[in-house]
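**Student:** For the protein sequence lines, the chains are A and B, in the order given.
For the record, in the first sequence the residue sitting at position 164 is 164 according to my numbering, with numbers rising by one throughout.
For the record, in the second sequence the residue sitting at position 531 is 760 according to my numbering, with numbers rising by one throughout.
It should be emphasised that the hints constitute simulated quantities derived from the structure, not laboratory data.
As the structure is a computational prediction, the values presented were derived from the model and not from experiment.
Careful, some of the hints might be misleading.
[What the hints assert, rightly or not] Only some residues are given here: those of chain A computed to face chain B with a beta carbon under 7 Å:
#1 Phe40
#2 Lys111
#3 Glu183
#4 Gly195
Where a beta carbon is used, it is the ideal one built from N, C-alpha and C, also for glycine.
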Amino acid sequence: MTAIQLGTIQVAVVEDDARLRQTFVDVLESSTECRCVGAFATGAEAMAGIPAIAPDVVIMDVNLPDTTGVECVKMLAPKLPGTQILMVTVYQDPDTTFQALAAGAHGYLVKPVLPERLLEAIREIRAGGVPMSRTIARKVIETFRSREAAEAAGTSAARSPLASPDEESLTPREQQVLELLMEGFSYKEIAQRLGISTSTVGTYVQRIYEKLHVSSRREIMARRRPGRG
Amino acid sequence: MPAVPKPFDVLVAVGAWCAMAATAVADVRITRAVVDGRDIPIGVSVAADAAPIRVPSNAGRILFAFEGEAGEVDAGRVSLPAGAAGGTSPTLLPALRGTRLRYRLDGVDVDWRDEPAHGRLSLIFLNAAGSTVGSSDAKMHGTSEGWRGLPETSPLKAFSLSGMAPPLASSVIVNFLSNGGDAPVGAMAIDDVVLSIAAEGREPRRHALSLDGLGDEVHPLATPTGWGRSGSRGEMSRVAVRPDSGKPILVIEDDDPAEYGSWVSRGIVVPVEPGDVVTASWRAAYSLGLGGRSTASYDRLEPGTYWFRVAAFLPGGQPTAAEAGVRVVVVPPWYLRRDIWAGCAAVGLVAGALVARAVSLRQMRRRLDEMERVHALDRERARIARDLHDDIGAGLTEIAMQTDWVRRDVQGLASAATVARAEKACASAMDLVRSVDAIVWAVNPANDTLDRFVPYLTHSAEQFLDAAGVSMRFDVPAQVPPLPLSGAVRHDLFLVVREAINNAVKHAHPQVVRLGVRLENGAAHGSSENGPQLVITVEDDGHGFTLPSSATAAQNAGRSGLANMRRRVEDLGGRFVIESRPGAGTRIELALPLEKNHATASGLRKGGTS
Chain A
1 MTAIQLGTIQ VAVVEDDARL RQTFVDVLES STECRCVGAF ATGAEAMAGI
51 PAIAPDVVIM DVNLPDTTGV ECVKMLAPKL PGTQILMVTV YQDPDTTFQA
101 LAAGAHGYLV KPVLPERLLE AIREIRAGGV PMSRTIARKV IETFRSREAA
151 EAAGTSAARS PLASPDEESL TPREQQVLEL LMEGFSYKEI AQRLGISTST
201 VGTYVQRIYE KLHVSSRREI MARRRPGRG
Chain B
230 MPAVPKPFDV LVAVGAWCAM AATAVADVRI TRAVVDGRDI PIGVSVAADA
280 APIRVPSNAG RILFAFEGEA GEVDAGRVSL PAGAAGGTSP TLLPALRGTR
330 LRYRLDGVDV DWRDEPAHGR LSLIFLNAAG STVGSSDAKM HGTSEGWRGL
380 PETSPLKAFS LSGMAPPLAS SVIVNFLSNG GDAPVGAMAI DDVVLSIAAE
430 GREPRRHALS LDGLGDEVHP LATPTGWGRS GSRGEMSRVA VRPDSGKPIL
480 VIEDDDPAEY GSWVSRGIVV PVEPGDVVTA SWRAAYSLGL GGRSTASYDR
530 LEPGTYWFRV AAFLPGGQPT AAEAGVRVVV VPPWYLRRDI WAGCAAVGLV
580 AGALVARAVS LRQMRRRLDE MERVHALDRE RARIARDLHD DIGAGLTEIA
630 MQTDWVRRDV QGLASAATVA RAEKACASAM DLVRSVDAIV WAVNPANDTL
680 DRFVPYLTHS AEQFLDAAGV SMRFDVPAQV PPLPLSGAVR HDLFLVVREA
730 INNAVKHAHP QVVRLGVRLE NGAAHGSSEN GPQLVITVED DGHGFTLPSS
780 ATAAQNAGRS GLANMRRRVE DLGGRFVIES RPGAGTRIEL ALPLEKNHAT
830 ASGLRKGGTS
């Protein structure tokens with residue numbers, strides 16, 4: 001990680017509402033830990049500008065006037081492996097949230113995001129801990145299952161030669177964590193049940209996220225390849 | 230009644246703006262009143278004692294046009310208020326040319342309304358020949374927080390704007406101007422302009438655009454090195470000294486809606502390459518409104534008497550006494566007037582008979598209209614959802630964020646009660662954002678299917694239960710078919726389930742709340758319905774209670790919530806079952822035949838799609 005100013009987290013904001021964008025800038029500037037290095041009003045500007053800035057964290061609104069935040073994530077995430085993307089949603093819309101997470105976002109916040117919560121979420125995401133909700137867990141399971149079913153039926157795009165099956169499919173333990181999460185168990189309850197620590201549950205969840213990203217990226221690439229239906 | 234100012238030609242002594250004599254003759258006029266596109270003559274009788282204009286209550290929109298200008302200015306504005314500039318700069322200001330117009334409709338508005346205008350900061354990209362090849366704009370809108378009437382003394386707030394250098398760009402300059410596309414009148418200042426140039430694979434470069442070469446005595450018409458005055462009237466752009474820091478700042482004082490002032494960093498070369506991302510950061514204080522002429526409109530006024538007023542203010546927002554007003558009487562509709570009723574009764578009988586004959590013909594047409602109506606309704610719903618989200622949602626979010634910030638600022642400085650009040654305001658705004666969310670979600674036709682509803686339900690449930698610190702178990706299928714479910718049904722179902730979970734947490738003190746969702750075949754369940762049934766269960770292991778024997782008893786027992794839930798579900802054509810015993814928890818089951826919902830707008834259109 002190259003730190004231009006030692007210790008400060010470089011943050012870019014993508015938000016179409018001018019007042020809110022400015023409030024995010026205000027919050028970031030009020031903190032000693034963060035510095036706002038970019039403020040974008042549209043998806044097009046963000047997609048064009050953020051790769052050059054390569055910030056540590058991007059605060060991304062889900063709804064943008066010209067494109068969706070999800071499309072921005074799809075485009076930015078593969079380009080910026082060192083950048084973590086935090087989605088900001090207004091609708092309690094788990095579908096969109098899941099799409100963003102699958103596309104490579106690292107976490108999400110539901111508006112209204114209070115100043116302290118925003119800074120806390122930035123710290124959390126830098127520390128690598130992004131909790132997974134039960135509703136998202138259900139969608140992750142659904143995704144992996146339907147992909148397995150498609151592979152079994154031979155309809156899925158060919159595997160990338162670079163990705164071994166291990167990199168993409170869930171281990172039995174990860175599967176178990178996801179299923180318990182989907183059934184409503186908290187991290188703590190899962191830890192007790194499986195005889196592991198709560199932070200280990202968090203580690204499993206991070207690995208599940210990574211596998212989700214890898215497989216979504218592969219699907220995007222497969223879809224872009226011409227001649228495939 | 231308070232003293233009514235004379236509408237015309239009020240001589241104003243402007244104390245707040247200038248310590249030394251500066252008297253302006255401001256003139257404000259209301260020029261037109263337009264009701265639903267039709268002019269209502271107001272002539273010259275805008276005086277307070279003139280006859281009011283009369284408007285029927287079925288009128289849609291009433292619009293007022295008004296204008297104003299500063300007339301003669303006596304002696305100009307010679308000096309700033311004592312102490313405002315720290316005595317360091319004798320400020321020579323040009324004559325006041327225009328006034329800022331504010332308006333209000335007494336009976337509707339509680340305060341003066343400022344049609345907010347904006348100034349801008351533009352990043353302008355130039356090619357090697359110095360021609361513009363692209364630009365990027367940030368607006369500074371309305372009035373900045375803590376505005377104190379003068380840019381030198383008002384607090385500055387941080388801004389940030391990113392733009393990408395287009396092809397052929399070789400340098401970037403900054404243009405700070407009071408021309409926002411509307412015709413602003415007001416004052417603004419910027420300071421600490423820094424450009425940060427970033428590109429992939431390169432460390433970002435930072436360029437501070439400082440204000441140098443002004444000497445010890447900063448003259449308002451001095452020019453910092455590399456900066457230049459532009460705009461249609463150069464003297465609107467001046468330099469001032471902040472009394473708090475002693476630092477110079479760039480100021481634009483725009484007193485003329487037809488003109489604008491500007492500061493451009495044309496002489497400060499900041500090289501860029503195409504594709505570079507330029508992020509400008511700066512601090513600004515501003516207050517910008519409309520001058521010259523403007524309009525105000527009001528929709529669907531209730532019957533009653535109103536007073537529309539327009540007043541002139543100085544560019545920085547200080548009041549003058551120049552004001553004009555017109556009274557408006559909205560006449561009650563005919564159906565609230567007894568005299569008209571009597572006459573109508575006889576005519577109505579005859580008309581009724583004629584209408585009855587026309588009805589059968591209309592029924593055919595109505596069916597044809599139905600399809601179009603469904604589509605129009607969906608479009609309208611989508612629009613309402615978007616507006617609610619964009620305006621109300623974003624505004625409330627802003628309120629929540631700002632009040633939380635206030636709480637953080639006053640923590641430890643103000644009394645516990647003040648902190649608690651800020652907390653309460655923030656919590657209320659947060660609640661409202663969530664309510665708006667729920668409404669937006671319910672009215673959006675994109676959510677009119679079961680596979681959208683179920684994740685929304687579990688998502689809300691887990692957020693609520695997590696916050697309450699109650700464990701939860703879900704028995705919900707991973708995949709749900711996209712069966713149609715109309716907005717009204719979704720919203721009612723959601724409210725019932727939320728109420729059930731709320732009750733469990735509030736009254737039963739459970740260890741665990743279980744939420745189950747399943748699809749059943751109605752016939753298999755002994756129901757007369759043949760289509761699929763949605764069955765939702767909410768179960769807790771809490772205290773439980775003795776079920777009252779009837780709905781009336783339930784109400785008496787203070788459990789009117791239960792009766793409400795039952796009524797909502799039964800109104801949807803569903804079945805509501807509750808089981809509870811003291812010490813054995815509570816189980817609520819609601820079952821809803823899904824086919825019935827085909828009779829809804831979206832059901833008709835969307836049935837069978839996925």
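**Student:** Does Lys111 (chain A) hold up as a contact with chain B if the rule is Cβ-Cβ below 7 Å?
**Tutor:** holds, 5 Å
**Student:** Under 7 Å, Cβ to Cβ, is where Phe40 (chain A) needs to be relative to chain B, so tell me if that hint holds or is violated.
**Tutor:** holds, 5 Å
**Student:** At a threshold of 7 Å, is the proposed contact between Gly195 (chain A) and chain B supported by beta-carbon distances?
**Tutor:** Hint on Gly195 (chain A): violated, closest Cβ of chain B at ~19 Å, above 7 Å.
**Student:** For the hint on Glu183 (chain A), just tell me whether its beta-carbon gets within less than 7 Å of chain B.
**Tutor:** holds, 6 Å
When the structure is compared with the earlier hints, a violation turns up for hint 4 alone.
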